[in-house]
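Number of protein chains: 2
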Amino acid sequence: MDSQSDSKKFRNALGQFATGVTIITTMGKDDKPVGITVNSFSAVSLEPPLVLWSLAKTALSFSSFNHAGHFNVHVLTSEQDSLSNRFARSGIDKFTGVEYRKGITGMPILNEYAVCFQCKTSLQYEGGDHVIFVGEVIDFDQTNKPPLVFHSGQYVDTKDRGIVNSEDLSSTVNVDYGIYRGDFFLYLLGRAYYQMYHPIVQAMEKAHINEPAFFSMSVLCMGNSLTTQQLRHILEHTGKIPTQKDFNTMAERGLIIITHAGDAQMVTISDYGRRVFSSLLSVAQTQEEDTLIGFNAGDLSITKKVLKDIVEKTNPGIPTFINQE
Amino acid sequence: MDSQSDSKKFRNALGQFATGVTIITTMGKDDKPVGITVNSFSAVSLEPPLVLWSLAKTALSFSSFNHAGHFNVHVLTSEQDSLSNRFARSGIDKFTGVEYRKGITGMPILNEYAVCFQCKTSLQYEGGDHVIFVGEVIDFDQTNKPPLVFHSGQYVDTKDRGIVNSEDLSSTVNVDYGIYRGDFFLYLLGRAYYQMYHPIVQAMEKAHINEPAFFSMSVLCMGNSLTTQQLRHILEHTGKIPTQKDFNTMAERGLIIITHAGDAQMVTISDYGRRVFSSLLSVAQTQEEDTLIGFNAGDLSITKKVLKDIVEKTNPGIPTFINQE
Numbered sequence: 019m020d021s022q023s024d025s026k027k028f029r030n031a032l033g034q035f036a037t038g039v040t041i042i043t044t045m046g047k048d049d050k051p052v053g054i055t056v057n058s059f060s061a062v063s064l065e066p067p068l069v070l071w072s073l074a075k076t077a078l079s080f081s082s083f084n085h086a087g088h089f090n091v092h093v094l095t096s097e098q099d100s101l102s103n104r105f106a107r108s109g110i111d112k113f114t115g116v117e118y119r120k121g122i123t124g125m126p127i128l129n130e131y132a133v134c135f136q137c138k139t140s141l142q143y144e145g146g147d148h149v150i151f152v153g154e155v156i157d158f159d160q161t162n163k164p165p166l167v168f169h170s171g172q173y174v175d176t177k178d179r180g181i182v183n184s185e186d187l188s189s190t191v192n193v194d195y196g197i198y199r200g201d202f203f204l205y206l207l208g209r210a211y212y213q214m215y216h217p218i219v220q221a222m223e224k225a226h227i228n229e230p231a232f233f234s235m236s237v238l239c240m241g242n243s244l245t246t247q248q249l250r251h252i253l254e255h256t257g258k259i260p261t262q263k264d265f266n267t268m269a270e271r272g273l274i275i276i277t278h279a280g281d282a283q284m285v286t287i288s289d290y291g292r293r294v295f296s297s298l299l300s301v302a303q304t305q306e307e308d309t310l311i312g313f314n315a316g317d318l319s320i321t322k323k324v325l326k327d328i329v330e331k332t333n334p335g336i337p338t339f340i341n342q343e
Numbered sequence: 019m020d021s022q023s024d025s026k027k028f029r030n031a032l033g034q035f036a037t038g039v040t041i042i043t044t045m046g047k048d049d050k051p052v053g054i055t056v057n058s059f060s061a062v063s064l065e066p067p068l069v070l071w072s073l074a075k076t077a078l079s080f081s082s083f084n085h086a087g088h089f090n091v092h093v094l095t096s097e098q099d100s101l102s103n104r105f106a107r108s109g110i111d112k113f114t115g116v117e118y119r120k121g122i123t124g125m126p127i128l129n130e131y132a133v134c135f136q137c138k139t140s141l142q143y144e145g146g147d148h149v150i151f152v153g154e155v156i157d158f159d160q161t162n163k164p165p166l167v168f169h170s171g172q173y174v175d176t177k178d179r180g181i182v183n184s185e186d187l188s189s190t191v192n193v194d195y196g197i198y199r200g201d202f203f204l205y206l207l208g209r210a211y212y213q214m215y216h217p218i219v220q221a222m223e224k225a226h227i228n229e230p231a232f233f234s235m236s237v238l239c240m241g242n243s244l245t246t247q248q249l250r251h252i253l254e255h256t257g258k259i260p261t262q263k264d265f266n267t268m269a270e271r272g273l274i275i276i277t278h279a280g281d282a283q284m285v286t287i288s289d290y291g292r293r294v295f296s297s298l299l300s301v302a303q304t305q306e307e308d309t310l311i312g313f314n315a316g317d318l319s320i321t322k323k324v325l326k327d328i329v330e331k332t333n334p335g336i337p338t339f340i341n342q343e
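Chains as they are written, first to last, in the numbering used here: chain A, 19 to 343; chain B, 19 to 343.
Honestly, the hints are just simulated from the structure, not real lab data.
Honestly, I wouldn't trust all of these hints.
Result set (DSS-like, lysine-lysine): computed pairs, CA atoms no more than 30 Å apart in a straight line [what the hints assert, rightly or not]: (1) B:LYS26 <-> A:LYS26; (2) B:LYS323 <-> A:LYS326; (3) B:LYS138 <-> A:LYS224; (4) A:LYS323 <-> B:LYS163; (5) A:LYS322 <-> B:LYS26; (6) A:LYS177 <-> B:LYS322; (7) B:LYS323 <-> A:LYS323; (8) B:LYS263 <-> A:LYS177; (9) A:LYS27 <-> B:LYS326; (10) B:LYS27 <-> A:LYS331; (11) A:LYS224 <-> B:LYS177; (12) B:LYS120 <-> A:LYS163; (13) A:LYS177 <-> B:LYS258; (14) A:LYS323 <-> B:LYS27; (15) A:LYS138 <-> B:LYS26; (16) A:LYS322 <-> B:LYS326; (17) A:LYS258 <-> A:LYS331; (18) A:LYS120 <-> A:LYS163; (19) A:LYS224 <-> B:LYS163; (20) A:LYS138 <-> B:LYS27; (21) B:LYS163 <-> A:LYS163; (22) A:LYS258 <-> B:LYS177; (23) B:LYS177 <-> B:LYS163.
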């Protein structure tokens, strides 16, 4: 691995091993605090309690860590990404505006952390272009805050892997009194649905389009002609099933075209109908943007996955042709 | 830190530093594959390419790693939790049923991994009750699968921290043709809502309760009397606003009690009304359980958070008293 590109590939591969993020501090000359962001931290031994981390021989802080004899390891919380970035840069006064106190060995302790380990440098080992510092943990303090995690060159958040059980759900409802809590899922789903659709419902009212007509046009825009029976079947789960009168009204207004094939009555969207539905869809798109821009992308993609799983699990048998990705 | 309880606390504190999970393999006597789950892996040096990990001196595999001179580090993917558990136990034949091939140094390579580093043991250092193995990376292979992550004694999943922007959303809709993709959020939200509520809508129809009555009873079960004006305001965003005729019908059926205070008309839920609503709520509870039990708990709690954020962001000014946690 001599070339620069190989070295980049190796760094990239190392990044596939997820790590927490630490800031390790010590005291430099003239009692000046020194610190650096490190993710090569790991546990070594329980008895005696040892931890290790590696520091580049070329690091500006190398001589401080080499001489001080002690250091403090701060395991960072999920909210400390900007502090992590600050202490990862070199050539700036990292401690400007950062509060700290001195620990039992005189080394700086930051105000916030998930855990802080106060260590005495007990061994230093050669490690290629780095030196491996092994520290004996003299004291530590733990706050149980969620961790900052680094993977594949970026910070990520963690989520637990538990499985929803009956008790998790029943605690949100008191059936005897007809009372549910604000995090009853069906309540949240219904309220989010109604509030998000409100501008679209208002636009529908203004265009004199009722819900059965809106849903019918939504399905018809997706594909070819359907029999009225097929369309009614597709919309059955919404409870907004178009009646013959709804179809007739839509045809009279030029929104759909009704044809006959034998006994079956076929419906197709008209160009005018597509334009009317498009204008409602653009209200929906604006509402989607107004609501969701700025949300956490990971959260939104998980929410979509959960909604898709719900749709799949509760599917009453809707043909898949309106169900495409 | 002499006592057992201190040692447990220290282990616990170390667990707050999140890590990936690796299985490290080597060849034992008689060409028998040997492997162990390790999370004390870390990067050391780029030039030469070095990595390290620590092994307890008391580990059964210690002499194999000590003598073989080579090892392979497999950084595990999020789907390899059971393999991780298997290789973390001792006293079983870990490789039974596990396929592997031999790498360039003759050491075992598992079929799946996020990254595999093939290493030559270049240094061994003393580390208390562990030995620190430093390996030079001879070759590596990367697959970019999502990582298995260990934090605070359990496996967790990761999610990225990006922010939703306009382009993420607009790609799901083609307004000109009135066409949207299956992951248009509003479509998913609406469809999940209608499908999940379908059994409740059916129960409502059976009980001859229309949507304005259902929503009115839902609000009235939560608290005290309201004026009809207040109640209509609260339900405005649903588009299912009860008319005077709806109130009269509900009162005639004994579901609510109408009283008068000056000019205002007050409505209160009756005991019978509470029982009717409770029976509908129990249908909702059953549907919630049938749908959500077995879902990933982390995913569901993120989904609830997103729905709450949507409710808050799109709140048309509903009083908070029906909005409690």
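Here is how each hint holds up against the structure:
A distance of roughly 39 Å separates the Cα atoms of LYS26 of chain B and LYS26 of chain A; the hinted pair therefore is violated under the 30 Å criterion. At roughly 17 Å between alpha-carbon atoms, LYS323 of chain B and LYS326 of chain A fall within 30 Å of each other, so this suggested pair holds. Between the alpha carbons of LYS138 of chain B and LYS224 of chain A the distance comes to roughly 74 Å, so the proposed pair goes past 30 Å and is violated. For the given pair, LYS323 of chain A sits about 19 Å from LYS163 of chain B by alpha-carbon distance, which is consistent with the 30 Å threshold.
Distance hint between LYS322 of chain A and LYS26 of chain B is unfulfilled; the C-alpha atoms sit about 40 Å from each other, more than 30 Å. With a C-alpha separation of about 14 Å, the suggested pair LYS177 of chain A and LYS322 of chain B falls inside the 30 Å cut-off, and the hint holds. Taking the CA atoms of LYS323 of chain B and LYS323 of chain A, the gap is near 14 Å; set against the 30 Å cutoff, the hint holds. Pair hint LYS263 of chain B plus LYS177 of chain A does not hold up; C-alpha atoms about 49 Å apart against a cutoff of 30 Å.
Proximity of LYS27 of chain A to LYS326 of chain B is assessed by CA-CA distance (about 42 Å); at most 30 Å being required, the pair is judged violated. Of the pairs offered as hints, the one joining LYS27 of chain B and LYS331 of chain A is violated, with about 43 Å between alpha carbons and a cut-off of 30 Å exceeded. At roughly 41 Å between alpha-carbon atoms, LYS224 of chain A and LYS177 of chain B are farther apart than 30 Å, so this suggested pair is violated. Using a Cα cut-off of 30 Å, the hinted pair LYS120 of chain B and LYS163 of chain A is violated, with the two alpha carbons roughly 42 Å apart.
Of the supplied pair hints, the one linking LYS177 of chain A and LYS258 of chain B is violated, its CA atoms being roughly 37 Å apart against a limit of 30 Å. Note on LYS323 of chain A and LYS27 of chain B: the hinted pairing is violated, with a Cα-Cα distance of about 38 Å set against a maximum of 30 Å. A hinted pair counts as satisfied when its Cα atoms are at most 30 Å apart, and LYS138 of chain A with LYS26 of chain B qualifies at roughly 20 Å. Under the criterion of a C-alpha separation no larger than 30 Å, the hint pairing LYS322 of chain A with LYS326 of chain B is consistent with the structure, at around 15 Å.
A C-alpha spacing of about 21 Å is found between LYS258 of chain A and LYS331 of chain A, which places the hinted pair at or below 30 Å, so the restraint holds. Restraint check: the Cα-Cα separation between LYS120 of chain A and LYS163 of chain A comes to about 22 Å, which is no more than 30 Å; the hinted pair holds. Between LYS224 of chain A and LYS163 of chain B, the direct Cα distance comes to roughly 50 Å. Violation of the 30 Å bound is thereby established for this hinted pair. Between LYS138 of chain A and LYS27 of chain B the CA atoms are separated by roughly 19 Å; this keeps the pair inside 30 Å, and the hint holds.
Taking the CA atoms of LYS163 of chain B and LYS163 of chain A, the gap is near 27 Å; set against the 30 Å cutoff, the hint holds. Between LYS258 of chain A and LYS177 of chain B the CA atoms are separated by roughly 37 Å; this puts the pair beyond 30 Å, and the hint is violated. Restraint check for LYS177 of chain B and LYS163 of chain B: the C-alpha separation of about 13 Å stays at or below 30 Å, so the hint holds.
Against the hints set out earlier in the document, violations occur for numbers 1, 3, 5, 8, 9, 10, 11, 12, 13, 14, 19 and 22.
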